[in-house]
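These protein sequence lines map, in sequence, to chains A and B. Sequential numbering of the first sequence, starting at 1, is according to our numbering. Sequential numbering of the second sequence, starting at 1, is according to our numbering.
A couple of the hints might just be wrong.
Unchecked claim - Computed cross-link-like contacts, SDA-like style, restricted to lysine to any residue with a CA-CA straight-line distance of at most 25 Å:
no.: 1; chain 1: B; residue 1: Lys144; chain 2: A; residue 2: Ser253
no.: 2; chain 1: A; residue 1: Lys129; chain 2: B; residue 2: Arg271
no.: 3; chain 1: A; residue 1: Lys125; chain 2: A; residue 2: Gln159
no.: 4; chain 1: B; residue 1: Lys144; chain 2: A; residue 2: Ile16
no.: 5; chain 1: A; residue 1: Lys138; chain 2: A; residue 2: Arg91
no.: 6; chain 1: B; residue 1: Lys144; chain 2: A; residue 2: Arg195
no.: 7; chain 1: A; residue 1: Lys138; chain 2: B; residue 2: Lys144
no.: 8; chain 1: B; residue 1: Lys144; chain 2: A; residue 2: Leu58
no.: 9; chain 1: A; residue 1: Lys138; chain 2: B; residue 2: Gly347
no.: 10; chain 1: A; residue 1: Lys129; chain 2: A; residue 2: Leu196
no.: 11; chain 1: A; residue 1: Lys129; chain 2: A; residue 2: Glu143
no.: 12; chain 1: A; residue 1: Lys125; chain 2: B; residue 2: Ala265
no.: 13; chain 1: A; residue 1: Lys138; chain 2: A; residue 2: Ser80
no.: 14; chain 1: A; residue 1: Lys129; chain 2: B; residue 2: Lys144
no.: 15; chain 1: A; residue 1: Lys150; chain 2: A; residue 2: Ser174
no.: 16; chain 1: A; residue 1: Lys150; chain 2: A; residue 2: Gln140
no.: 17; chain 1: A; residue 1: Lys129; chain 2: A; residue 2: Ile16
no.: 18; chain 1: A; residue 1: Lys150; chain 2: B; residue 2: Lys144
no.: 19; chain 1: A; residue 1: Lys150; chain 2: B; residue 2: Leu345
no.: 20; chain 1: A; residue 1: Lys229; chain 2: B; residue 2: Gly347
no.: 21; chain 1: A; residue 1: Lys125; chain 2: B; residue 2: Lys144
no.: 22; chain 1: B; residue 1: Lys144; chain 2: B; residue 2: Ala265
no.: 23; chain 1: A; residue 1: Lys129; chain 2: B; residue 2: Arg352
no.: 24; chain 1: B; residue 1: Lys144; chain 2: A; residue 2: Thr61
no.: 25; chain 1: A; residue 1: Lys229; chain 2: A; residue 2: Leu200
Everything labelled a hint here was simulated from the structure, so no lab data went into it.
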Amino acid sequence: MTGDGGLHIRSLRVVIGRDAGTTILHGIDLDVPRGQVTGLAGESGSGKTITGMSVMGLLPTTARASGQILFEGTDLLTLSARQLNAYRGARIAMVFQDPTASLHPMLSIGGQLTDHYRSHTGASKREAKDRAVEMLTKVQVPEPEIALHKYPHQFSGGQLQRVAIAGALMCGPSVLIADEPTTALDVTVQAELLRLLRGLCDDLGLAVLLITHDLGVMSSLADRIAVMKDGRIVELGDRYQVITAPQDPYTRSLIDALPAADGASAGGRCADGADAARLPGSEGSV
Amino acid sequence: MAQDTSTTTATAPGGGGHPLARYLVVRAGITVLLLFGVTLTTFILTNLIPADPVQAVLGEQAAANPEIVAAYRERAGLDDPLPVQYFTYLSNVLQGDLGTSQQTRQPVADELGRAAPATIELALAAIVVSAVLGIGLGLWAALKRRTIIDQVIRLVSTVGISIPLFWLALVVYYVFFFQLGIFPGSGRLSPTLTPPPDVTGLYTVDSLLAGDLPAFWDALSHLVLPASVLGLYTVGLLTRFARSAVLEILDQDYVRAARAKGLPARTVVTRYVLRGSLVPIITVLGMAFGSLLSGTVLVEIIFSWNGIGQYSYAAATRLDLPAIMGVGLVVGMVYIGLNFIVDLLYGLIDPRVRVS
Numbered sequence: 001m002t003g004d005g006g007l008h009i010r011s012l013r014v015v016i017g018r019d020a021g022t023t024i025l026h027g028i029d030l031d032v033p034r035g036q037v038t039g040l041a042g043e044s045g046s047g048k049t050i051t052g053m054s055v056m057g058l059l060p061t062t063a064r065a066s067g068q069i070l071f072e073g074t075d076l077l078t079l080s081a082r083q084l085n086a087y088r089g090a091r092i093a094m095v096f097q098d099p100t101a102s103l104h105p106m107l108s109i110g111g112q113l114t115d116h117y118r119s120h121t122g123a124s125k126r127e128a129k130d131r132a133v134e135m136l137t138k139v140q141v142p143e144p145e146i147a148l149h150k151y152p153h154q155f156s157g158g159q160l161q162r163v164a165i166a167g168a169l170m171c172g173p174s175v176l177i178a179d180e181p182t183t184a185l186d187v188t189v190q191a192e193l194l195r196l197l198r199g200l201c202d203d204l205g206l207a208v209l210l211i212t213h214d215l216g217v218m219s220s221l222a223d224r225i226a227v228m229k230d231g232r233i234v235e236l237g238d239r240y241q242v243i244t245a246p247q248d249p250y251t252r253s254l255i256d257a258l259p260a261a262d263g264a265s266a267g268g269r270c271a272d273g274a275d276a277a278r279l280p281g282s283e284g285s286v
Numbered sequence: 001m002a003q004d005t006s007t008t009t010a011t012a013p014g015g016g017g018h019p020l021a022r023y024l025v026v027r028a029g030i031t032v033l034l035l036f037g038v039t040l041t042t043f044i045l046t047n048l049i050p051a052d053p054v055q056a057v058l059g060e061q062a063a064a065n066p067e068i069v070a071a072y073r074e075r076a077g078l079d080d081p082l083p084v085q086y087f088t089y090l091s092n093v094l095q096g097d098l099g100t101s102q103q104t105r106q107p108v109a110d111e112l113g114r115a116a117p118a119t120i121e122l123a124l125a126a127i128v129v130s131a132v133l134g135i136g137l138g139l140w141a142a143l144k145r146r147t148i149i150d151q152v153i154r155l156v157s158t159v160g161i162s163i164p165l166f167w168l169a170l171v172v173y174y175v176f177f178f179q180l181g182i183f184p185g186s187g188r189l190s191p192t193l194t195p196p197p198d199v200t201g202l203y204t205v206d207s208l209l210a211g212d213l214p215a216f217w218d219a220l221s222h223l224v225l226p227a228s229v230l231g232l233y234t235v236g237l238l239t240r241f242a243r244s245a246v247l248e249i250l251d252q253d254y255v256r257a258a259r260a261k262g263l264p265a266r267t268v269v270t271r272y273v274l275r276g277s278l279v280p281i282i283t284v285l286g287m288a289f290g291s292l293l294s295g296t297v298l299v300e301i302i303f304s305w306n307g308i309g310q311y312s313y314a315a316a317t318r319l320d321l322p323a324i325m326g327v328g329l330v331v332g333m334v335y336i337g338l339n340f341i342v343d344l345l346y347g348l349i350d351p352r353v354r355v356s
């Protein structure tokens with residue numbers, strides 16, 4: 001169970017602040033198996049991003065995490081930053097919400113795609129560049145050779161998020177954490193990116209942890225959904241069950257809050273597969 | 001604008017020489033205009049001062065004789081209308097003639113040429129050392145924010161900014177030269193040594209070029225006190241700005257993303273953090289260099305440093321108008337050159353600047 005390349009979070013507790021501090025996560029248990037998209041839903045402040053940051057060792061300096069984050073038999077929480085560097089970026093990668101902010105505006109795309117690949121694998125410049133072209137092709141960025149010489153401001157948001165995903169895939173990770181990967185993008189671009197992520201998950205057997213507040217996005221992409229509220233997982237189950245027959249009243253209120261959920265005239269969401277109202281029937285399309 | 005040029009930059013990877021060349025031409029044109037502005041300003045200012053240069057040059061006795069005064073005014077062109085005087089001055093300047101010092105009867109251009117290397121050596125030593133120290137301390141404080149290291153560095157930088165230059169210069173001179181005798185306190189080289197053959201005019205560089213190590217160490221030890229006094233303010237200023245610039249960048253998503261990529265901490269700091277904070281740091285560095293130049297006047301006088309600062313002080317107190325105008329022109333040119341360099345550095349650091 002713990003050596004399968006997936007991610008297993010056990011009783012993860014995070015406290016922020018000096019002395020007693022504020023408890024942000026109250027003991028989270030979550031499995032992120034390979035070949036599946038595991039969704040982590042919840043409103044802002046529910047602790048979903050902190051969960052992702054705990055895995056990547058990116059918690060603020062005043063935060064203390066306890067419990068276990070198991071990956072390939074290792075508890076990531078016990079590792080020093082230096083030891084963790086062998087995993088993050090290489091075996092566990094992350095895609096952030098806003099690609100215009102998560103890519104350095106002054107460094108070329110080529111430089112940002114290859115620096116961690118070279119530091120993790122010791123590859124030559126030439127090999128790293130070939131790998132970057134391969135990955136850009138995989139995420140369908142046009143003219144990858146030319147894209148390597150460009151800078152972030154020369155791309156649209158959607159293209160840039162593809163570039164960021166390519167960067168995450170460079171070292172062939174088995175876990176991909178996507179924190180609101182489509183929230184900063186417009187709806188049509190969203191749908192394409194979600195399809196891309198789903199395809200990558202299936203092709204590469206990635207264990208994807210999808211963090212989003214958007215149940216529409218969630219329902220079109222996730223295999224299983226965990227719903228978080230105030231630092232606890234209040235509901236966990238497969239997508240169909242969570243969306244159509246939520247057990248927890250909070251999940252039900254989230255679904256009711258979706259503009260498209262009442263069915264009648266939900267013209268707002270045009271992205272196909274992202275429409276929560278068509279959920280039960282859309283399984284085959286993703 | 002940024003989107004439109006994406007295709008041209010795409011075909012010319014690595015920055016694109018064409019927009020850069022155009023940028024350089026435009027900047028050169030602006031520079032020429034600015035230089036005209038500088039000559040006009042120095043000319044007007046020197047003519048506005050409510051003192052009679054004739055009196056200062058001829059001395060009280062000769063100035064009492066109207067014939068001598070009239071002859072002098074005629075020879076110096078002081079009776080021409082101001083615009084005529086300005087154009088005479090301008091055409092002389094364009095031919096490299098800054099006039100003759102009324103005090104020494106030497107061409108101002110030659111005198112400035114002799115004084116410039118001393119000031120350049122002093123200012124460069126001060127700015128290089130304070131840039132390295134200031135950026136380094138600011139970065140260190142930011143990375144160790146809210147620790148005792150951060151507190152100490154902030155205290156030191158506040159002290160550096162607050163101490164008046166004239167007081168610091170006198171104390172340093174008294175303690176390190178007069179009392180302790182660790183470093184020499186005046187001049188650029190010990191009188192027992194002969195200056196190295198003139199190549200750049202910078203004694204440290206020239207003595208190294210000549211392979212004269214004793215002269216190099218002597219010149220270097222003469223630099224220590226005045227350069228430290230001159231640079232301390234800049235160190236304090238840069239430390240504060242570098243700290244806040246780095247703190248801002250540390251909070252950026254791209255730094256978090258760089259950590260998430262598992263890059264070594266050193267790479268994250270040098271490649272992602274420092275690069276991102278360099279634009280505001282360069283801006284402050286350029287401004288600091290300007291204020292550092294004005295500090296040379298005081299420092300050069302206290303440490304008997306034979307440079308432009310000392311020359312300008314002498315010219316101003318003796319109302320040596322051609323010399324004053326020459327100094328104004330040179331300092332103006334330095335400022336304009338400095339801004340040009342800073343602008344070029346922006347373009348090198350930030351690709352978004354290159355496009356616009």
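Find the hints from earlier in the document that the structure breaks and name them by number, from lowest to highest. 1, 6, 7, 9, 13, 14, 15, 17, 18, 20, 21 and 25
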